[in-house]
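*Asks:* What follows is each chain in one-letter form.
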Amino acid sequence: MHEMSYAYSLLQNVIRIAEERKAKKVKEIEIEVGELLLINIDQLIFCFKAISKDTLAENAEIHAVFSGPDMRCEKCGRRFDQIISICECGGKVCIKGGKSFIIKKISLEV
Amino acid sequence: MYKRGKELYNKKDFFGGVIMHKIDIEAEIDVLTENKRFAKDNRRFFNENEIIAINIMGAVGSGKTTLIEKTILAIKNKELGKELKVGAILGDVFGDSDFKRVSKHSVIAEPLNTGKECHLDAHILNHTLHQRIDEFKNIDLLLIENVGNLICPSDFDLGETYRVVIVSVTEGEDVIEKHPLTFVNADVIIINKVTLANLVDVDVEKMVRDAKKINSKAKIIKMDLKDGIGIEEWINFLRSVLDVSCNTS
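Chains as they are written, first to last, in our numbering: chain A, 1195 to 1304; chain B, 523 to 771.
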């Protein structure tokens, strides 16, 4: 379950920002998650809840949006929604994006 | 609640005398930055010390430890043309059985227990390397056995030089097709235990086709580590990537 690793890294970053701002509490967190990371958001929230107990981020709400990869043939430009290496035209299919995990916004009570 | 710019005030508290001040921080923080930083650090260490580091990924029982053992034996038998200094880091959630198997071959080996994590990351690898940095910096080849898991390890760049994914036919002939993200960035895809294919009703050629469809650049090796099939091809791959200027013992 790699969600625990992501939850831990998320918590570390959020706590750092909350402490920098001398916040009393973290209320909400907005994240952007790449589809190719195959993160289960429910599991991520579950893990975050478990490890954020007794921290500034306890009970913080997590809102997630997914970002998809851009997969297209270098030669003919055809787009794909499945991972494939070579297009029917013989061109190489490039995969860009879809692997980010970004904190977009944090709401703090100060 | 009302909004003023990016700051929110709780009206009741505001007029009640106690201001509950809420601020929104617009951020663009890459949560994976830490891993990327350590991966870069590991990569620099490997480059500076002319070490080829191979991240071996695969499910439990796919043959990762046996591949490491056979590789060490082949190097000791000078099948690469010269004897190289080999190091191994054996990742597991718990226990040291793989470490014991590999350390019998008199190489610089270190166990790496992740505790709860289903994969290695660059930070934990960095930490393990630093425990015996003076010994690891003198090796030519580092074999890193990732935690037995076909999915999670592929997300985490360790700073390795090459990525190898090993699957066995006993995992089913659809195993590659079902896990495209694991194979898309592999440099070598090994299909192990091919002599068992008939017994488990698996078409090895279908697995090869799936691998090629997902990753046309990877070297695909049909292998059976117990019967010695495909090991020569694997050794040829190592020969092609190990620089001649590597330190020899």
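Please note: incorrect hints may appear among the correct ones.
[To be verified] The calculated EDC-like cross-link candidates involving lysine to aspartate or glutamate, where the alpha carbons are at most 16 Å apart (straight line), are:
1. B/K592 / B/D746
2. B/K700 / A/D1264
3. B/K659 / B/D563
4. A/K1298 / B/D749
5. B/K735 / A/E1252
6. A/K1219 / A/E1252
7. A/K1293 / B/D679
8. B/K734 / B/E695
9. B/K592 / B/E754
10. B/K598 / B/D614
11. B/K607 / B/D656
12. A/K1286 / A/E1255
13. A/K1293 / B/E556
14. B/K734 / A/E1282
15. B/K544 / A/D1248
16. A/K1221 / B/E695
17. A/K1218 / B/D546
18. B/K739 / B/D709
19. A/K1299 / B/D679
20. A/K1293 / B/D546
21. B/K607 / B/E591
22. A/K1298 / A/D1248
23. B/K544 / A/E1226
24. A/K1298 / B/D709
25. A/K1299 / B/E570
26. A/K1216 / B/E591
27. A/K1298 / B/E550
28. A/K1299 / B/E755
29. B/K544 / A/D1275
30. B/K544 / A/D1264
31. A/K1221 / B/D563
32. B/K735 / A/E1303
33. A/K1219 / B/E550
34. A/K1293 / A/E1214
35. B/K544 / A/E1222
36. B/K592 / B/E755
37. A/K1218 / A/D1248
38. A/K1299 / B/D552
39. A/K1293 / B/D656
40. A/K1298 / B/D746
The set of hints was computed from the structure by calculation and includes no laboratory data.
*Asks:* Each hint needs a verdict: does it hold in this structure or not?
*Replies:* Hints versus structure:
Taken as a hint, the B/K592 and B/D746 pair is honoured in the structure, with Cα atoms around 11 Å apart against an allowance of 16 Å. Note on B/K700 and A/D1264: the hinted pairing is violated, with a Cα-Cα distance of about 20 Å set against a maximum of 16 Å. Distance hint between B/K659 and B/D563 is fulfilled; the C-alpha atoms sit about 13 Å from each other, no more than 16 Å. Taking the CA atoms of A/K1298 and B/D749, the gap is about 53 Å. The hint is violated against a cut of 16 Å.
Among the hinted pairs, B/K735 with A/E1252 is inconsistent with the structure: their alpha-carbon atoms are about 45 Å apart, more than 16 Å. Our distance criterion of 16 Å between C-alpha atoms is met by A/K1219 and A/E1252, whose separation comes to about 8 Å. Only pairs whose Cα atoms come within 16 Å are accepted, and A/K1293 paired with B/D679 is accepted, the gap being roughly 12 Å. Restraint check for B/K734 and B/E695: satisfied, since their Cα atoms lie roughly 14 Å apart, inside the 16 Å limit.
Distance hint between B/K592 and B/E754 is fulfilled; the C-alpha atoms sit about 11 Å from each other, no more than 16 Å. For the suggested pair B/K598 and B/D614, the alpha carbons sit about 25 Å apart, so the restraint of at most 16 Å is broken. A distance of roughly 13 Å separates the Cα atoms of B/K607 and B/D656; the hinted pair therefore holds under the 16 Å criterion. This hinted pair does not check out: A/K1286 and A/E1255 have alpha carbons roughly 41 Å apart, beyond 16 Å.
Simply put, A/K1293 and B/E556 have alpha-carbon atoms about 15 Å apart, close enough for the 16 Å limit, and the pair holds. As the CA atoms of B/K734 and A/E1282 are separated by approximately 13 Å, the hinted pair is consistent with the 16 Å bound. With a C-alpha separation of about 20 Å, the suggested pair B/K544 and A/D1248 falls outside the 16 Å cut-off, and the hint is violated. The hinted pair formed by A/K1221 and B/E695 fails the criterion: a straight-line CA distance of about 47 Å is larger than 16 Å.
As the CA atoms of A/K1218 and B/D546 are separated by approximately 13 Å, the hinted pair is consistent with the 16 Å bound. For a cut-off of 16 Å, the pair hint linking B/K739 to B/D709 stands: about 7 Å separates their Cα positions. The hinted pair formed by A/K1299 and B/D679 fails the criterion: a straight-line CA distance of about 26 Å is larger than 16 Å. Our distance criterion of 16 Å between C-alpha atoms is broken by A/K1293 and B/D546, whose separation comes to about 25 Å.
For the hint pairing B/K607 with B/E591, the CA-to-CA distance comes to about 14 Å; that is within 16 Å, so the pair holds. The hinted pair formed by A/K1298 and A/D1248 fails the criterion: a straight-line CA distance of about 24 Å is larger than 16 Å. For the hint pairing B/K544 with A/E1226, the CA-to-CA distance comes to about 22 Å; that exceeds 16 Å, so the pair is violated. Between A/K1298 and B/D709 the CA atoms are separated by roughly 34 Å; this puts the pair beyond 16 Å, and the hint is violated.
For the given pair, A/K1299 sits about 39 Å from B/E570 by alpha-carbon distance, which is inconsistent with the 16 Å threshold. Note on A/K1216 and B/E591: the hinted pairing is violated, with a Cα-Cα distance of about 53 Å set against a maximum of 16 Å. For the suggested pair A/K1298 and B/E550, the alpha carbons sit about 5 Å apart, so the restraint of at most 16 Å is met. Of the pairs offered as hints, the one joining A/K1299 and B/E755 is violated, with about 50 Å between alpha carbons and a cut-off of 16 Å exceeded.
For the suggested pair B/K544 and A/D1275, the alpha carbons sit about 40 Å apart, so the restraint of at most 16 Å is broken. A distance of roughly 37 Å separates the Cα atoms of B/K544 and A/D1264; the hinted pair therefore is violated under the 16 Å criterion. Between the alpha carbons of A/K1221 and B/D563 the distance comes to roughly 35 Å, so the proposed pair goes past 16 Å and is violated. Of the supplied pair hints, the one linking B/K735 and A/E1303 is violated, its CA atoms being roughly 51 Å apart against a limit of 16 Å.
About 20 Å separates the Cα atoms of A/K1219 and B/E550, which puts this hinted pair outside 16 Å; it is violated. Pair hint A/K1293 plus A/E1214 does not hold up; C-alpha atoms about 28 Å apart against a cutoff of 16 Å. Between B/K544 and A/E1222 the alpha-carbon distance is near 10 Å, which keeps this suggested pair within the 16 Å criterion. Distance check on the hinted pair: B/K592 and B/E755 sit about 13 Å apart at the alpha-carbon level, within 16 Å; holds.
Among the hinted pairs, A/K1218 with A/D1248 is consistent with the structure: their alpha-carbon atoms are about 12 Å apart, no more than 16 Å. With a C-alpha separation of about 12 Å, the suggested pair A/K1299 and B/D552 falls inside the 16 Å cut-off, and the hint holds. Simply put, A/K1293 and B/D656 have alpha-carbon atoms about 35 Å apart, too far for the 16 Å limit, and the pair is violated. At most 16 Å may separate the alpha-carbon atoms for a hinted pair to count; A/K1298 and B/D746 exceed this at roughly 48 Å.
Hints 2, 4, 5, 10, 12, 15, 16, 19, 20, 22, 23, 24, 25, 26, 28, 29, 30, 31, 32, 33, 34, 39, 40, counting from the list given before, are not met by this structure.
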